[in-house]
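K.L.:
Protein chains in written order, with my numbering: chain A, 1 to 216; chain B, 1 to 216.
Keep in mind that a hint or two might mislead.
[Unchecked claim] Here chain A is said to cover these stretches of chain B; the calculated rule only asks that three of the stretch's residues, wherever they fall, bring their Cβ under 8 Å from a Cβ of chain A:
id : region
1  : 147-161
2  : 186-195
3  : 198-212
[To be verified] Partial pick of chain B residues on the chain A-facing surface, computed with a CB cut under 7 Å:
id : residue
4  : 110
5  : 181
6  : 182
7  : 216
[To be verified] Keeping only pairs whose Cα atoms sit at most 20 Å apart, straight-line, the calculated PhoX-like set for lysine-lysine is:
id : chain 1 : residue 1 : chain 2 : residue 2
8  : B       : 166       : A       : 207
9  : B       : 179       : B       : 145
10 : B       : 207       : A       : 179
11 : A       : 179       : A       : 143
12 : A       : 2         : A       : 166
13 : A       : 166       : B       : 207
14 : A       : 207       : B       : 179
The hints are simulated quantities; they were obtained by calculation from the structure and are not laboratory data.
Each residue gets a CB set at the ideal place from its N, CA and C atoms; glycine is no exception.
Protein chains: 2
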Amino acid sequence: MKIGIVGGTGDIGEGMAMRLSAHYDVVVGSREQDKAEATCTMGRTEVTKRGKPCSLTGVTNQQAIDAADVIILAIPFKHAASTLATLHGFENKIVVSPVNPMEKTDHFVFVPPAEGSAALMIRKILPKEARICSAFNTIAANKWKALDEELDYSVPVCSDDAEAKKTVMEIVNKVSRFKAFDAGPLASSCMVESLTPLLLNIARYNKMRDVGIRFI
Amino acid sequence: MKIGIVGGTGDIGEGMAMRLSAHYDVVVGSREQDKAEATCTMGRTEVTKRGKPCSLTGVTNQQAIDAADVIILAIPFKHAASTLATLHGFENKIVVSPVNPMEKTDHFVFVPPAEGSAALMIRKILPKEARICSAFNTIAANKWKALDEELDYSVPVCSDDAEAKKTVMEIVNKVSRFKAFDAGPLASSCMVESLTPLLLNIARYNKMRDVGIRFI
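So here's chain A without its partners, still in its complex pose:
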């Protein structure tokens, strides 16, 4: 299975690519292919020096979509709609949204779009044959990149497509000690997306860093 990461050179995408590349063929997309290739060169060094297999290929965002079976949209909410407008070919592919619509005032606030969540907005933008899931919403960029650290987090996954959800949960369960939880239909994504500003507030007000979550 090939996983494509749109925005794979960004803060979240980079660590995501490295961690997933030990288990899957990962195609790192970027607006500029050069940047994607540089990220892959760096990623290969980091992963292989830890004695793990690594499959990373740097391409454009569009090529990542075309090549992959599962596409992760590692893009900030504010660029999500404009980025997706420039891309095509999502039909019949599994599309994973880790996107969280939020703003920072003196604290972080969940500010969903009119559709109720980033996941539902993305569903509206993409062709209806795209098999949309939300996952990985609460994993901090620093933790993705901290390759020597085992991550003992719970990862809620939402989708209306049972098979797509199952595939994404399997991917989640491959990464470190992540444990995937079925969090219901795609409409439930708002409750997952709003976790991230909560965790950022928890970090801020309790002098912590990169707070994650575990369901117990």
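Using the hints, position chain B against chain A.
P.N.:
Positioned in the frame of chain A, the structure of chain B alone reads:
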């Protein structure tokens, strides 16, 4: 310090009263004093047979407010506004909302009132001298009642009143292995309240019971 529980004979209030009574004077309120007294008799038996101190007094909801320094509103969202309309005397008291506005369709959904959260709605209803906090939102009734079980949960607390928040966090930290986290101003309560329908969905879709949360 005296803690009053409005709705102290309900599903959540009952276990809350028992657990808190080992550390504080707890005044259990109910619409019917007889019911509150019966809950206290049962509670005293359960707590003292475990060799713990127990201070429980059954009164009406209004008497619980009048007697207490800290008042916990252990009432379901759908009865919150109508119950509060019949009560008074909240001025200068710390008022804790564990209330979660949610509905069940084929899954649980966060359905906040116009104010954005139950906590902000309660702030609008109560006199402006009430010192409102949200806390205990994600703790399941069954877990409150399972006195033999240590509860290793994280408990986010929101408030605009720093001293009230500090007091509530101290109360939280007295209960079992609860760990209080400052989750920011009262306006952040929406992100805490929406955790509960998420946890109920997680329980439902993953065949779990009474799921709680830990920040790590």
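K.L.:
None of the hints should be skipped; say for each whether it holds.
P.N.:
Comparing the hints with the structure gives:
For the region 147-161 of chain B, the stated coverage by chain A holds: 3 residues have a C-beta nearer than 8 Å to a C-beta of that chain, and at least 3 were required. With 7 residues having a beta carbon nearer than 8 Å to a beta carbon of chain A, the region 186-195 of chain B meets the requirement of three or more and the stated coverage holds. Chain A is given as covering the region 198-212 of chain B, and this holds because 10 residues of the stretch bring a CB closer than 8 Å to a CB of that chain, at least three being needed. Look at residue 110/B: its Cβ gets to within about 6 Å of chain A, closer than 7 Å, so that hint holds up.
Against a cut-off of 7 Å between C-beta atoms, the interface hint on residue 181/B holds, since the closest Cβ of chain A lies about 5 Å away. At its closest, the beta carbon of residue 182/B sits 4 Å from a beta carbon of chain A; the interface hint therefore holds under the 7 Å criterion. At a threshold of 7 Å, the smallest CB-CB gap from residue 216/B to chain A is about 5 Å, leaving the interface hint in force. Distance restraint check for residue 166/B and residue 207/A: the Cα-Cα separation of roughly 16 Å lies within the 20 Å cut-off, and the hinted pair is therefore satisfied.
Between residue 179/B and residue 145/B, the direct Cα distance comes to roughly 18 Å. Compliance with the 20 Å bound is thereby established for this hinted pair. Our distance criterion of 20 Å between C-alpha atoms is met by residue 207/B and residue 179/A, whose separation comes to about 15 Å. For a cut-off of 20 Å, the pair hint linking residue 179/A to residue 143/A stands: about 15 Å separates their Cα positions. For the suggested pair residue 2/A and residue 166/A, the alpha carbons sit about 16 Å apart, so the restraint of at most 20 Å is met.
Proximity of residue 166/A to residue 207/B is assessed by CA-CA distance (about 16 Å); at most 20 Å being required, the pair is judged to hold. The suggested pairing of residue 207/A with residue 179/B holds, with an alpha-carbon distance near 15 Å, which does not exceed 20 Å.
Every hint, counting from the list given before, is met by this structure.
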